[in-house]
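The chain contents come next:
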Amino acid sequence: MRKFLPAVLALFLFAGCATARWAHAPGEYRFEGGHFVLSIPEGWFVWQDPKATRVVITRDGLPLQQILAGRVAVKDSLPNTKRKFEPGMLPQETAEIVADSFASDKRLGNFHLLENVPATVAGQPGFRLTFRAKDEGGLREKHVIYGFLSGEWFYFLRFTAAERHYFDRDLAAFEQVVRSFRLIPGTG
Amino acid sequence: MTRAAAALLVASVLLAGCATTALPPVTEKEFAFEGDEQRLWTRSEEVQESLAKSGWLFRDDPLEEYLNGIAGKLAPPEIGDRIPFRVFVIRDHRLNAFAFANGAVYVHTGILARMENEAQLAVLLGHEMSHATHRHAVRSFRDMKNKSAFLAGAVVVAGDLGALLGGLGAVASAYGYSRELETEADTVGLSRVAAAGYDPREGPKLFAHMKKYLEEEKVREPYFFSSHPRVAERVAVYEELLSGKYAGMTGTVNREVFLEKTRGALLENAELQMKAGRMAGAKRDAERYLERQPGDPRGHYLLGKILEHTGVAGDPEKAVEEFRKAASLDPSYPEPHRELGFLFFKKGDRTAAKEHLERYLSLDPEAPDRRYMEEYLRSLK
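Taken in order, these protein sequences are the chains called A and B. In this text, residue positions in the first sequence follow this note's numbering: the first is 269, and each later residue adds one. In this text, residue positions in the second sequence follow this note's numbering: the first is 1072, and each later residue adds one.
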């Protein structure tokens, strides 16, 4: 057994290197799972997981602020609603489906839509939603979601932060991420 | 370990596990709340406070007054002030109702929207109130504790007890009790319904609504029944009671007052269903609402929104009619014009689109989606 021990230890250590972890990785971040690229602000951390279906970014911890970026197939429903996107839907219609999904989420209390405006993301016509809600623990949060349809996919970037202090402080960093967002050509 | 020590350990485990689940109902003379039960009440109050702040309660004073009036008729006189029953409504399209140990009863808008009369409501409330009067929460907790202690060979310590009480109290209240306790609630509840003068024959009809809901949802069992006897078995309990103790008995149903008092909840439920993408259920609720309130522009507007998305041929054209009706019933109501403007914009009817979009913005200059309309109007020029 002793002569195999280094090999066993090496296997264990290398297996550990493939697990998910938080990484400080400012700058361009290429997410193959969603076929997009975005820029992570300085001082923020990204969850690196080979099995991830979305990009998760935070600066001080997920309960305080988080940025999510990902995509959903048009044929699939969003959580909490059976309403579905359709290819070619106008941004106002896609925004309504997203708003309804959050309004129907039992984990969010006191949902209140603050703003629903057209927006351009990655050169595509989309929307920007802002709403306020309380999480399951009663913490007041504000959310901003950008979304757009491209082909068979709905892409989104979402910023959630504790309304007190963190939202106003970190909103600019989120907007920077949105401006950096672009689709990887020829894929998806 | 000696034989004596082992025997003592086993006895300790068994005794620690064997808190009695045979508790008299609170209507009995020789009744006293027990320690773990008081902690359940405290935990219930904490959960209630969270619910009150959650934004998920449906606030309608006349409806709450009505529901609490029925609860008052059903509460046995022996209760006195031992359990202060209060009924609240939760904005949720699922068919559910639950009661906490402290007498707080929560009814979903979903189940209110399905019921047809006050007698069916009384059957539901009578059942839920019986869970409280017969102390099902603490009996379930003890039953689980007994099984856990026996199986794990451990005694639950104070810190775990608090967490377990909280978790179990909420879960059992919302997700259901054992078959035995549910049958007891059915039996005791129906006796109170009959004593209050309601028609007990409405009992099985409540479960007919549940059965239809299950079929529509294509689920084996809604979570309301997750650890309950199945719907068919519950119907069998009621039918046995009706053919036995309550054979030939009739009573009041109070359909009209029920329909009047619950119509706000029905409209609310239609909107909840629409947002959840449950268009068939939303349409049913909106149409039922308009049967009661044909002159309400909000009902016509909501039905129009629903018809836009049912996916049924001909419904989008009907949606236009509903929006027009809403606008004519209340010319100052902005939203129907927005929907008409948007529909005509998508169809390519530039004149009609422009007319309605401009009307919407003039009626609601601060509309949160104003910028979409402005973009559409610019593209129409």
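Where hints are given, some of them may not hold.
As the list claims (entries may be wrong) - According to the in silico footprint, chain B covers these stretches of chain A (three or more CB under 8 angstroms from chain B):
hint: 1; stretch: 304–313
hint: 2; stretch: 383–392
hint: 3; stretch: 434–444
What the hints assert, rightly or not - Below, simulated BS3-like cross-link-like pairs (lysine-lysine); rule was C-alpha separation at most 27 angstroms, straight line:
hint: 4; chain 1: B; residue 1: LYS1417; chain 2: A; residue 2: LYS352
hint: 5; chain 1: B; residue 1: LYS1389; chain 2: B; residue 2: LYS1418
hint: 6; chain 1: B; residue 1: LYS1418; chain 2: B; residue 2: LYS1396
hint: 7; chain 1: A; residue 1: LYS352; chain 2: B; residue 2: LYS1316
hint: 8; chain 1: B; residue 1: LYS1283; chain 2: A; residue 2: LYS350
hint: 9; chain 1: B; residue 1: LYS1316; chain 2: A; residue 2: LYS350
hint: 10; chain 1: A; residue 1: LYS350; chain 2: B; residue 2: LYS1389
hint: 11; chain 1: A; residue 1: LYS350; chain 2: B; residue 2: LYS1417
hint: 12; chain 1: A; residue 1: LYS352; chain 2: A; residue 2: LYS319
hint: 13; chain 1: B; residue 1: LYS1124; chain 2: B; residue 2: LYS1100
hint: 14; chain 1: A; residue 1: LYS374; chain 2: B; residue 2: LYS1124
hint: 15; chain 1: B; residue 1: LYS1389; chain 2: B; residue 2: LYS1100
hint: 16; chain 1: B; residue 1: LYS1389; chain 2: A; residue 2: LYS352
hint: 17; chain 1: B; residue 1: LYS1316; chain 2: B; residue 2: LYS1144
Stated by the list, open to error - A short list of chain B residues far from chain A (calculated; beta carbon distances all over 12 angstroms):
hint: 18; residue: SER1125
hint: 19; residue: GLY1126
hint: 20; residue: GLY1151
hint: 21; residue: ARG1363
hint: 22; residue: PHE1416
Don't read these hints as lab results, they were simulated from the structure. Glycine is no exception: its CB is placed at the ideal position from the N, C-alpha and C atoms.
Outcome of the hint check:
A count of 0 residues in the stretch 304–313 of chain A with a Cβ less than 8 angstroms from any Cβ of chain B is obtained; the coverage claim is therefore unmet, three being the minimum. Requiring three or more residues with a Cβ within less than 8 angstroms of a Cβ of chain B, the coverage given for the stretch 383–392 of chain A holds, as 4 such residues are present. With a cut-off of 8 angstroms between beta carbons, the stretch 434–444 of chain A has 0 residues touching chain B; three or more are needed, and the interface restraint is violated. Restraint check for B:LYS1417 and A:LYS352: the C-alpha separation of about 18 angstroms stays at or below 27 angstroms, so the hint holds.
Among the hinted pairs, B:LYS1389 with B:LYS1418 is consistent with the structure: their alpha-carbon atoms are about 15 angstroms apart, no more than 27 angstroms. A C-alpha spacing of about 20 angstroms is found between B:LYS1418 and B:LYS1396, which places the hinted pair at or below 27 angstroms, so the restraint holds. The suggested pairing of A:LYS352 with B:LYS1316 is violated, with an alpha-carbon distance near 51 angstroms, which exceeds 27 angstroms. The suggested pairing of B:LYS1283 with A:LYS350 holds, with an alpha-carbon distance near 19 angstroms, which does not exceed 27 angstroms.
For the hint pairing B:LYS1316 with A:LYS350, the CA-to-CA distance comes to about 45 angstroms; that exceeds 27 angstroms, so the pair is violated. Distance check on the hinted pair: A:LYS350 and B:LYS1389 sit about 22 angstroms apart at the alpha-carbon level, within 27 angstroms; holds. The suggested pairing of A:LYS350 with B:LYS1417 holds, with an alpha-carbon distance near 23 angstroms, which does not exceed 27 angstroms. The hinted pair formed by A:LYS352 and A:LYS319 meets the criterion: a straight-line CA distance of about 25 angstroms does not exceed 27 angstroms.
Taking the CA atoms of B:LYS1124 and B:LYS1100, the gap is about 37 angstroms. The hint is violated against a cut of 27 angstroms. Distance hint between A:LYS374 and B:LYS1124 is fulfilled; the C-alpha atoms sit about 13 angstroms from each other, no more than 27 angstroms. Among the hinted pairs, B:LYS1389 with B:LYS1100 is inconsistent with the structure: their alpha-carbon atoms are about 62 angstroms apart, more than 27 angstroms. Among the hinted pairs, B:LYS1389 with A:LYS352 is consistent with the structure: their alpha-carbon atoms are about 21 angstroms apart, no more than 27 angstroms.
The suggested pairing of B:LYS1316 with B:LYS1144 holds, with an alpha-carbon distance near 21 angstroms, which does not exceed 27 angstroms. At roughly 4 angstroms from the closest C-beta of chain A, the C-beta of B:SER1125 falls inside 12 angstroms, breaking its exclusion from the interface. The non-interface label for B:GLY1126 is inconsistent with chain A: the shortest C-beta to C-beta separation is roughly 3 angstroms, within 12 angstroms. Once the 12 angstroms rule is applied to beta carbons, B:GLY1151 is consistent with being away from chain A; the minimum gap is 35 angstroms.
Chain A leaves B:ARG1363 outside its interface by the beta-carbon criterion, the shortest separation being 25 angstroms against a cut-off of 12 angstroms. Once the 12 angstroms rule is applied to beta carbons, B:PHE1416 is inconsistent with being away from chain A; the minimum gap is 9 angstroms.
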